[in-house]
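Chemist: Chain by chain, the residues run as shown.
Protein chains: 2
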Amino acid sequence: MKKAVVLLSGGLDSATVLAVAKSRGFQCYAMSFDYGQRHECELAAAKKVAASIGVEDHKLVKIDLCAWGGSALTDNIPVPDAHSYQEKVPVTYVPARNMIFLAFAVAYAEVLEARDIFIGVNSVDYSGYPDCRPEFIKAFARAAKLGTKAADEDWEYTIQSPLQNLSKAEIIKLGTSLGVDYSITHSCYNPDANGLACGKCDSCDLRRNGFKEAGVPDPTRYQK
Amino acid sequence: MKKAVVLLSGGLDSATVLAVAKSRGFQCYAMSFDYGQRHECELAAAKKVAASIGVEDHKLVKIDLCAWGGSALTDNIPVPDAHSYQEKVPVTYVPARNMIFLAFAVAYAEVLEARDIFIGVNSVDYSGYPDCRPEFIKAFARAAKLGTKAADEDWEYTIQSPLQNLSKAEIIKLGTSLGVDYSITHSCYNPDANGLACGKCDSCDLRRNGFKEAGVPDPTRYQK
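Those protein sequence lines, which keep their order, are chains A and B.
In terms of the numbering used here, the first sequence opens at residue 1 and continues consecutively.
In terms of the numbering used here, the second sequence opens at residue 1 and continues consecutively.
These are calculated hints, taken from the structure and not from any lab test.
Backbone N, C-alpha and C define an ideal beta-carbon position, used for all residues, glycine too.
Misleading hints may appear alongside valid ones.
To be verified - Distance ranges between label pairs, derived from CB positions:
hint, chain 1, residue 1, chain 2, residue 2, range
1, B, G195, A, P134, 44 to 50 Å
2, A, K2, B, E135, 22 to 28 Å
3, A, L196, B, N194, 51 to 57 Å
4, A, E40, B, S23, 39 to 45 Å
5, A, S23, B, N194, 52 to 58 Å
6, A, D57, B, D218, 41 to 47 Å
7, B, S177, A, P134, 43 to 49 Å
8, B, N194, A, D152, 33 to 39 Å
9, A, D152, B, D154, 31 to 37 Å
10, A, K2, B, K212, 48 to 54 Å
With the hints as constraints, model all of the structure from the sequences given.
Modeler: So, in structure tokens, the structure goes:
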């Protein structure tokens, strides 16, 4: 069986990606990051998702993304409500986050001798995040080939982003067909102390509309 | 004044790079990593070097590179003596290390609004490390452009590797001409508890020969 590293945030998208990787016959090694995110209950969700779908191992990597700030997800910048901002790159963008996550995934893959890395980037919903675009993923894969043993052995890492062109509703339909239990996933940027979703942020808005459009009951627990 | 992020390990090469960046008129923001390296006294050296040459700020980022092993620098694999191994990629190679360091540097640069990143890679001495080669650096710069706000604003990060084609002796001559105090730098992969260099590993060997060739007195403190 081929091995794959799967970046697993605990959100709806990455849970779906893990199910896709399993359905494609990979032995999956999940990797999650504790980067000082506001929504730390993501990590509890990641553990539940890894256990529910089944992985060979699950690495939790603690990193220091908040040491220099720059994002509403790691700083004291308020998380805006959905549609309340129209900048090209939203304030919830964490500088170079996916680049850092992918670099760690490549390190892990190199040690495992895995050649596939799965990531739940999605350019339909999040076109404002440069590190979710296919041209970035392609350029990163090139750097990964040239910066690792792959360069000397003439093969390359495949960075699989199976959600790249799907809408949130399509992602939910895909995951549902693969048996993903979305009740254990977490998407909200601004949950309360009990992990209940705010229902107001961009991420909640996309998720809620996704379930509605997909015609799948929304299992998310929202704050009253 | 333009800002630059400078990757600073505390070794001879990165100290020289910091001096080069200063001499080119950059305001320098140093970044060092605590990645569970055997030679942790590198970090003490990095602090001394930053203070000696002068930086605007110095971020120490703690990361978890040893969570999955794979290198003599982070594992219990013995550090080999110089010239005792002839593999293409040495056992002291840390998987994807420079990729991870550069990804963090891009994140820091993005927050600082710096467009230049300095790194002390050097392909003459370390041709066995794929992540020190110019083709990797170029591919990474491309990924950094496409994965950050730079993509929408049509500029790019310049990853400056001023030591790329210099021999160790040339690096030492360059740094000496810029006033670098090499007595506070640390290169050994396998120092003793007092931080004294082993004099036997590949890194010690290159350093010692470099001083000899450069005709500069070697200030390194070796174990008896």
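Chemist: Go through the numbered hints given earlier and state which of them the structure violates, listing their numbers in rising order.
Modeler: none
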